[in-house]
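**Q** Now for the letters of each chain:
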Amino acid sequence: MFARRIPGLAGAVALAVALTSCGSSDSDSSAGDASDKSGQKTREFTVGDEKVSIPADPERVVATGYAVPTLIQADAPLVGISSWKRGEPMMDGEEKAAYDKLPKVAGELASETNYEAIAEAEPDLIVLGVPVPVLGDIDMDRLKSIAPVVAVGPMVPSEWREVSRQHADAAGVLDTYEKAEDAYDAKAAELKKKYADALDGLKFGHVGSYGDTSKGTFQREFNGSWGTNAAQDVGADYVGKPKEPGPGSRSVSEYPSLEELSDSLGASDVITYSVNTDGSVPDAVQAVLDSKLWKNLPAVKKQRAFPVAFTEAATYGDAMKTLDAIDKSFAPLLDK
Amino acid sequence: MTAVDRPVERPAGRRSLPQAAPLLGGLVLLAVVAVLSLGVGAHQVSPGEVLRALFDYHAGDDDHVIVRDIRLPRAVLATAVGAALAAAGALIQTLARNPLAEPGVLGVTAGAGFAITVGAGLGLAAGQGGQLLWAIAGSVLAALLVAAVGRTSPLRLVLTGTALTAVLGGLALGLRLMDPETFDTYRFWSVGTLAGREQEPLTLPLTGIALCLVLALTISRGLNALSLGENVARALGVSVARTQALTLVLITVLCGAATAVAGPILFVGLIVPHLVRRLAQGSVPWLLLHSMVLGPVLLLAADSAARVLLPTGEVPVAIVTAFLGGPMLIWTVRKYGAGAL
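As they're listed, the protein sequences go chains R and C. Note that the working numbering gives residue 42 to position 42 of the first sequence, counting from 1, and the numbers run on in steps of one. Note that the working numbering gives residue 549 to position 213 of the second sequence, counting from 1, and the numbers run on in steps of one.
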């Protein structure tokens, strides 16, 4: 959230790099009956090409990055977490209390990892929610000397589903995680059915909030991006692709000049745009809405431009709020 | 006519015709570049449509909106910022009698950057309007401090400005490293660009720039005398302290306002006075006039190039001016020798 509301941030380096230039790691796990030196049962967890021996039932977990909200919501046995400001606005009272209470062993950036604090937490597992390229900012040997390390991060925004599953799996809270997943899938299926006729054949476009309008640009998101992936589960189709696709999130979003607003969104039947969790409009989006070019867009003239909150959700728990927001915003389409 | 005017005006009068021609040429070039800038951008607009947007505007036509509401105010902004930075550069080089001086040497740019950092750290500089105010306040305070400490001599002034720039730069860097939010706010501001800035309320800073440009011309004769040395200037009846103080104020407002609205664009203030120095033939009034015309030409050309250089989007104009400015400075030195400086 933080990363999307305030231009360019989200751990300016770590997360931006994470989502623009790196890939997620495939992982798999297999139960085993081995034990570590302390006698704790272990199992083999595969992350990419690397196999990591982790506790079969972790009791003291340190989480960073995207793993933080997932493991808080799944009631993992956390003993330390990184700062995760972008997710704070989405946390309910209980989650926020847990987040505030847990010792912070790292900042927003991977480079702000506090190794001594992690060691003091005495974890038996460290789950890094950052993609592999960002690991260059981390002294992995030092971390591995403290506890087994599982590092998994998303390549594109919509991969939060797979990545969060891997985090929960490693931390031994897959059961709790899957309950949230099932609830989300049921809600999404219900909404998809509800809006099936209304959304049929419509071309969607999305204006995101991650960007810096001082550069005269806006964020255009396509299928698979932060602002679109939950709406896709409801049946919306954000057609098109970036003119110059890049790695990571650049494959599902772009930053055209404001001059290109009509070129980019002129053919969209419906336009959605990201708003903050309290419904307020981020500066990056407000600059677009204030433009005369925006007011000239066919979808806007037909009053088919809708705000969507909680677009930065990276857990099933948070994404439930996204579905609620989408349901509220798309309601006028039922009258078409 | 005062005693001050005579030695300055006579040579200026003799040169007025040959100098007026290149100035007129510069104005024509400025007009051409300005019109061309209205036709250049991410969205293709035909020349005919550009003219219709200017003289037969329809709010429902996207091409017209782009030309009138985005490119035209941006061209005005580029003209004002280019003139302000170039004039400020000419003033500081004359005042400091240092060819390598540029407006930032007074700590104005560092002051603006430090203020933006502090404002962001306090959570009060999120929007561009807020950043504008913080940048102006920082520029003014830094310049006042430099003027207070270094007012006794040009060398002391430059040294004080350099020292303050280093101190403020270090403090600001420390603050930014402690807070990622502050770092983000600053890094977007710190790369000078005109893109998107045209949508901000610019009436006040642009009015301030226009007034200061006029004032700079009115004191240019005093500066002409001052360029011969303080003793000579006093002998010619110039109030040295008053001229220096007023010049400092003008440099501060010109550079502060330009930096506040567009971010740091350093090379224009350094390079433009050198490019026109031979045309001015030692006359500060002509140096200022030529700078006020060539500065906008350079910035408009750089800004137009910035829009189309890369297929992935705009390049901040400060980067383009740096790429243009470096080779231009080297070319000037090679062609005209150190005397050009």
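Be careful, since some hints might not be right.
No more than 25 Å apart at the CA atoms, straight line, and that leaves these computed lysine to any residue pairs for SDA-like [to be verified]:
(1) R:K301 <-> R:L333
(2) R:K301 <-> C:A395
(3) R:K96 <-> C:E517
(4) R:K194 <-> R:S329
Worth flagging that the hints you see were computed from the coordinates, not collected in a lab.
**Q** Please go over all the hints and tell whether each is borne out by the structure.
**A** To see whether the hints hold, each was checked on the structure:
1. R:K301 <-> R:L333: 15 Å, holds
2. R:K301 <-> C:A395: Answer holds: K301 (chain R) to A395 (chain C) is near 14 Å, not above 25 Å.
3. R:K96 <-> C:E517: 20 Å, holds
4. R:K194 <-> R:S329: At roughly 13 Å apart (the allowed maximum being 25 Å), S329 (chain R) and K194 (chain R) satisfy the hint.
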